[in-house]
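Novice: As a plain string of letters, each chain reads:
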Amino acid sequence: MQAETKTELSPGLLEFIRQWKDKPGNLIMVLHRVQQEYRYVPRDVAFQVAALLEVPLAKIYGVITFYHLFKLKQPGRHVIAVCMGTACYLKGGEDLIRELETLIGAGVNTVSPDGEFSVEVVRCLGCCGLAPVLTIDGEVFGNLTKAQLPDVLAKYQGKQLAAATA
Amino acid sequence: MKNIKLEINGKPVTVKEGTTVLKAAQKVNIKVPVLCYHPDLPAWAACGICVVKIAGTAKMLRACSTPVEEGMRIVTHDPEIVQIRRTVIELILSTHPNDCLQCPRNQNCELQKLAADFGIRELPFEHRVRPLPVDATTGSIVLNPEKCILCGRCAKVCQQMQNVWALEFLGRGEKTRIAPAADVTLGESPCIKCGQCSAHCPVGAIYEKDETRDVLKALLNPDLHCVVQIAPAVRVAIGEAFGFEPGTLLTGKTYAALRQMGFKAIFDTNFGADLTIMEEASEFVERFAKGHGELPLITSCCPAWVDYMEKFAPDMVPHFSTAKSPHEMVGVMAKTYYAEKMGIDPKNIYMVSIMPCTAKKYEVSRSKDMFSSGQQDVDLSLTTRELSRMIKAAGIDFANLPDDETSDSILGSYTGAGTIFGATGGVMEAALRTAYHMITHKELEDVNFTAVRGLDGVKEAALTIAGKEIRIAVAHWMCNIETVLDRVRAAKLANGEPAYHFIEVMACRGGCVGGGGQPYGADDEVRRKRAAGLYKDDRECARRCSHQNEEVQEIYTEFLGSPLSAKAHHYLHNKYQAKPLYRK
Amino acid sequence: MTKLNREGLAQLREQARAGWQQRWHGKQAQIIIGMGTCGIAAGARKAWDAFADELKKNNLTEVRIEQTGCMGLCYSEPTVEVRVPDMPPIIYGKVDAEVARRIVRKHIVGKLLINDHIYDRPALDAFGKQG
Amino acid sequence: MAFKHYVMVCGGEGCESKHALAVHDALLKEVREQGVENEVQVLKTGGFGFCGDCPAVQVLPDQTLYVGVQPGDAAAIVTQHLKQGRPVARLVFDAAKNAKMFPADVPVGHQKQLRIVLRNCGVIDPEKIGDYLARDGYAALEKALFKMKPEDVIEELKKAGLRGRGGGGYPTWQKWLFTKKVASEQKYIICNADEGDPGAYMDRSTLEGDPHSILEAMTIAGYTVGASQGYIYIRAEYPLAISRLNLAIAQARELGLLGKGILGSGFDFDIELRLGAGAFVCGEETALITSIEGNRGMPSPRPPYPAVRGLWEKPTVINNVETWAAIPVILLKGGEWFGKIGTATSKGTKVFALTGKVNNCGLIEVPMGITLREIIYEIGGGMLKGKAFKAVQTGGPSGGVITQDYLDMPIDYEALAQLGSIMGSGGMIVMDEDDCMVDVSKFYLDFTVDESCGKCAPCRIGGRTLYNLVDKISKGKGSLNDIEQIRDIGLAMRKASLCGLGQTAPNPAISTLKYFEAEYLAHINDKKCPAGKCRDLLTFFILPEKCIGCTLCARRCPVNCIAGERRAVHTIDAAKCIKCGECYQVCKFGAVERT
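Residue numbers (the numbering used here), protein chains in the order written: chain P, 1 to 166; chain R, 1001 to 1584; chain B, 2001 to 2131; chain S, 3001 to 3595.
By construction, these hints were calculated from the structure, which means they are not laboratory data. Ideal Cβ placement from N, Cα and C applies to all residues, glycine included. Keep in mind that a hint or two might mislead.
[Unchecked claim] List of simulated lysine-lysine pairs, BS3-like, C-alpha gap at most 27 Å: (1) LYS2003(B) <-> LYS146(P); (2) LYS146(P) <-> LYS3576(S); (3) LYS155(P) <-> LYS2003(B); (4) LYS2106(B) <-> LYS3044(S); (5) LYS146(P) <-> LYS3475(S); (6) LYS1005(R) <-> LYS3181(S); (7) LYS1492(R) <-> LYS21(P); (8) LYS3158(S) <-> LYS1059(R); (9) LYS1053(R) <-> LYS3579(S); (10) LYS2003(B) <-> LYS3576(S); (11) LYS1005(R) <-> LYS59(P); (12) LYS2111(B) <-> LYS3333(S); (13) LYS2027(B) <-> LYS3029(S); (14) LYS3314(S) <-> LYS1023(R); (15) LYS2003(B) <-> LYS3004(S); (16) LYS59(P) <-> LYS3181(S); (17) LYS3533(S) <-> LYS146(P); (18) LYS3044(S) <-> LYS2094(B); (19) LYS3181(S) <-> LYS1002(R); (20) LYS3579(S) <-> LYS146(P); (21) LYS3158(S) <-> LYS2094(B); (22) LYS3181(S) <-> LYS1016(R); (23) LYS2106(B) <-> LYS3004(S); (24) LYS1311(R) <-> LYS6(P); (25) LYS3385(S) <-> LYS2094(B); (26) LYS3083(S) <-> LYS2111(B); (27) LYS1584(R) <-> LYS71(P); (28) LYS3128(S) <-> LYS2094(B); (29) LYS2106(B) <-> LYS146(P); (30) LYS23(P) <-> LYS3314(S); (31) LYS2106(B) <-> LYS3029(S); (32) LYS1175(R) <-> LYS3029(S); (33) LYS3149(S) <-> LYS3333(S); (34) LYS59(P) <-> LYS1002(R).
[Stated by the list, open to error] Some, not all, of what chain P presents toward chain S, calculated at C-beta under 8 Å: (35) GLY12; (36) LEU13; (37) PHE16; (38) ILE17; (39) GLY25; (40) ILE28.
Can you build the whole structure from these sequences, using the hints too?
Specialist: Next up, the structure:
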């Protein structure tokens, strides 16, 4: 029973849950589908999924908090994922993260104060030949230097950021 | 099943296929240290303390979870194994508060014992404890995650044994913690307060809320008339804290100890159990013989089960016996009937229950029905564990107390039926003894219903009274209840004969003898011994059916009228309502 | 399509082989772009668009653009294999839009290899009938 | 008009050899002088991987390969080969030199690589099932279903000597046999595509480039052990691989290569995908299985092994992508053929993701028994920027480092284990003089701490304690006692952790400590990081004799701790310096020094 308003699940999501309900091991697939819709797992949606799948809510939270891809908080409008695979680490992935902190005020697993970006670390995007690499909303930027970051970010944030960092 | 021959530390062992190395070692008296392992649960294999070697190889295996193989040669102790175990213990201690002096588990902590056995005198590794808040919101059990060693026993018990899922592993890696989901407190979670988590926790991370100070204060208050009652299961377990074998019947010594501690009157919950049976058996007869009300009738004396039903199975509300649990009946009678008789203002009566149970702490104020005397009927409920500490603090030489101390009239006498309430199947057996009498107006020749005894998760039986078949089911530990309820639901849907006529449910394994507030270290062997103590008490009772209890008869004559009378309903019955699983 | 039995599979395989022969050894030039994650990340789609555009500009409508997986030459992504009849098959690396246009103009039209973008095939094909 | 010949001279961007350039120029000159410039194009290309025999020259389209070419040979090549069509025999590469790695019937190219697993990657269009069929796709399945009994399939795998490529190296035929022997109504086949080693991506490439090979192999396994359902557990981080697999499954179902009565046989098999969600530990098979079941991916003890009790408690074959991809080839070409490739105990080829400080990062497939030197200096084209080689890390966070001394040791499962590393899934990260071994060890520990599931105490607590100890050392605050503690904890983790992740998590620390103890001691005793990597131990200062006062460093310093007038020597305020290294990088005069 939740105090907040109840999110109405989309017909697509409900249909997905219906299709998967009787398949064993459905929970992770359903959570992926939920995140596809909301980009995170809103609390009241987790309650509804628990009821629809007839799975204890605790189990759902156990799973969400175990896997790094599942989120309980709304991410920034753009998600920056910095690769910290070995090749990227050796070639300066950490520097990119530090630079991001100064540029947008968001470190790893936080959202920038303006809600524009959230920063995550990923373990190897499999683009080691392009190290260091980061992705923004899935688009890959390789062979990146700190100096290129403001331009890359500006593509997503527009003039506002470009002005701030100029 | 096949027999497997193996060798442990050079000793030949033969065990059944599927036996673990740990159990095989125990069979030849070789002690492998364990920490996360508990015999009630499938091995979770988390801690890494029980590692052993296969002779001649460098690889180590966990004794708790490795099944034996033919011709296996196991080494359980060598300098390397001991060093590795020691390092693992040191690592665990490096993230544990190690504040043993203030810990609820001081002197009976499994981690403390390991540290002592391994002679750990200093911590080589940096000490870091995660600052996590204590959750005391249930009023029954307290979760202190700082002390948690993540052995997982509590979560496994809560999920697998109790099917409640109030606790789960959250987070991952070093950030893993055990807590309720969705950022709620335990009090807002589906927790049913059964306390099995606390009974299984090897350290002091989850434990009963200690209320002994409140009892001491009440005893010190000259205006209060402090009375006490003990539950059936307490008398066969309390001795474990004082070196007695589990199951030793110590009713007299417990009465004596309580008297020494300053209680004005010593009552017995067994009396309340007899009273409960009068009401509940009457209810059954109403429904079964007269067709008034829904069948099956389901027992309601276990507060954890009541909480479970209200949250997880509210469709069962109409099936629930409305009779209060025995100690609540004693509570309300103490503050009405007893107060009247003794001429004491009920306001000044302070009723303490000694229970094997943590959920009773919740039950004493669970609804306004628990205030039917005009006061809170039971002021406070202590667990067996708390009582044992109070006895020790009072300097009482428990072992040498007299055995023949008796309880006080008029809420103190009991029959064999009352005492077996403490074991799974006991309520059913007691109710049947009296129901038989109520239906047939005859006494049973053999009062023993052995089909409902024992530790099987679900026990079913059918018997015939006055030519009519009664189908009964007895379930204990909550994971077994859904199958029984599903049969009830299916029969209802089919509009046919009810699946059962009478169902007894106890939340804890073995019933109250295995309660969440009982002394630590319960396993099935201990539960059996404790139950055996109760059945011995039953056999030795002069009267073995609740309706034969003269004080109970007296209370009806003098105060309540008859079972299910309006007055009886007012004082001895209560209502149930559906509750949300999560309160936030 | 109906479910295959063994004969159906054999027939389908023959068709596929014929098509494959046609594509690999036929009369048409072919551009095969490595479209694994790393290739795409390095700009394979941009190269694809440039190829398509430049082919159109040069009216080379018969030249096919195909995709394939990762050739393993990650340091030289995006990688592109260019097969022109009567010329050796060539693997080009670091093909950005500009290089793609040069490949069309110089290699496909002018039959000239582009010196500084040629990479070596990582291994000979020991299994297929690629030749 | 196309050229008649193309002459490719080894000597791409990575090549430092002036010799190659001379050969190139000589050939160019000769072509012009002999008047064939309209028939022959001379080109410089990327490395062939023959740096020992530099330079190599290849003539296309006939693919003649010359090695050890001298400028003086140009005339002979042009006259004899390009004009008269007779290759210059004395310069032609001799395949016998490399025969140790190749069985007689495998055509030997000039390359060191042999592509079995990656046979179709970069060749076929992975979205066209026709391309796969054209290259003998599903022929192995057909052979298994109609010409082989399940026992025969296992026998073939046994002959091949194929071992699990996921890391453990367990013989594949044994896994299959155990599963086959267990009586059960239902059994399962799982493809472990939860590749998670930082710096390894061979599985992703295989799935993206050749998805049908996995489906075919899993179906063969289903037939062999008696399973009718397969699952591919794949990282959600690989969207392209997921979409190509989904497409491949749909294609195979449509043609009846998956589903009921495959190819008209009585055998049913189907495959579904299950996605991971960002947990490295789920690469461990028991964790993977519980994750497919929809749970937190916490490992459980083995035995019982999945072959006996796996997915939903049923017997389960679980192999990783690379293992699966090799199987159709083994069935088609025979186990004996495969068994001739590689070393005595490790058969076939291995795919490595070669990354780090080498010129040619990439995915390579080489016969077992190749040396690291061949991989790094020939296939990899040598060290990036000509820096000095320091170590190779194999096996990712579970592995260890291999030093200069072992560059010539043939690589197989046993050899790597003997050096304190592991084959792992095939990440191979080359490190140079700028990489600090304490820092590398810290990197991997940070990874394993982050990826530990938290279930077992040795890994959960030991990992963090190890990390903190190494971190302390990297900051110059370590003591010799810390090294003792690292070893104690390392032992406890190896022996008492529940799963492979925890058991191997101390490997990078123990391995770097074994081979580079001096580097640890430098951090502890001298408070110095010899590689200049550990920030806390660095000091930046300006060499007055080199500084010309251009002010660039002062302008770029994020904390304004560099002072100095224009055209005057600048100085760094060490107290304010945050050691970001910006000045060191921007100075064009080499005036900023760090120690």
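Novice: Are any of the numbered hints broken by this structure? If so, which, sorted upward?
Specialist: 1, 3, 9, 10, 11, 12, 13, 15, 16, 21, 29, 32, 34, 35, 36, 37, 38
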